[in-house]
Each structure stands twice: as structure tokens, then as C-alpha cells.
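Please work from the sequences and hints to get the whole structure.
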Amino acid sequence: MARERNREMSFVNKLSAGLRRIFPNTIHVYEDLVKEDLIGRRKAKKARGKRNTKILLRNLPSA
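The opening position of the sequence shown corresponds to residue 0 in numbering that gives the first Met the number 0, with each subsequent residue numbered one higher.
If you are wondering where the hints come from, they were derived from the structure by calculation, not from laboratory data. The reader is advised that the hints may include incorrect statements.
As the list claims (entries may be wrong) - Distance ranges between label pairs, derived from CB positions:
1) HIS27 to ARG4: 19 to 27 Å
2) ASN24 to ALA1: 34 to 42 Å
3) HIS27 to ARG6: 19 to 27 Å
4) GLU30 to ARG2: 29 to 37 Å
The C-beta atom is built at its ideal place from N, Cα and C for all residues, glycine as well.
Put into C-alpha cells, the structure is as follows:
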């Protein structure tokens, strides 16, 4: 499971880096769809929101 998640994160990082190089003056926002969370949406909404925000802020280029 960890290996799959690492591969997903690697792909997202490579994709976002490529788009930043191609379109340097634009903002790109990605939604992190966690497959496990799609089934039980009532659990851990707050934690999921915090996790998605942290990933987004980590992947945004600093100005």
C-alpha cells in the first residue's frame, strides 16, 4: 500500500513540475482523491481536509 501511494505522489509531483515549467505564470490546483475515503465519507472529514491542504501547500511553488 505504501509503495502504491509513493508511486502516486511521484506521478503527481512530476506532473506538477512539468506543468510549472510549461506554464510558469499560472496556478495549478490538484484534488487528492483518496480511494479509501470515497467509501466512508462520514469518517475523518476534518483530517482529510487538513491532509489535502498540506499536500497542496507543499506542492505549490514559492514566489
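Hint-by-hint comparison with the structure:
no. : hint                      : result
1   : HIS27 to ARG4: 19 to 27 Å : holds (21 Å)
2   : ASN24 to ALA1: 34 to 42 Å : holds (36 Å)
3   : HIS27 to ARG6: 19 to 27 Å : holds (20 Å)
4   : GLU30 to ARG2: 29 to 37 Å : violated (22 Å)
In this structure, only the earlier hint numbered 4 is contradicted, and the remaining ones agree with it.
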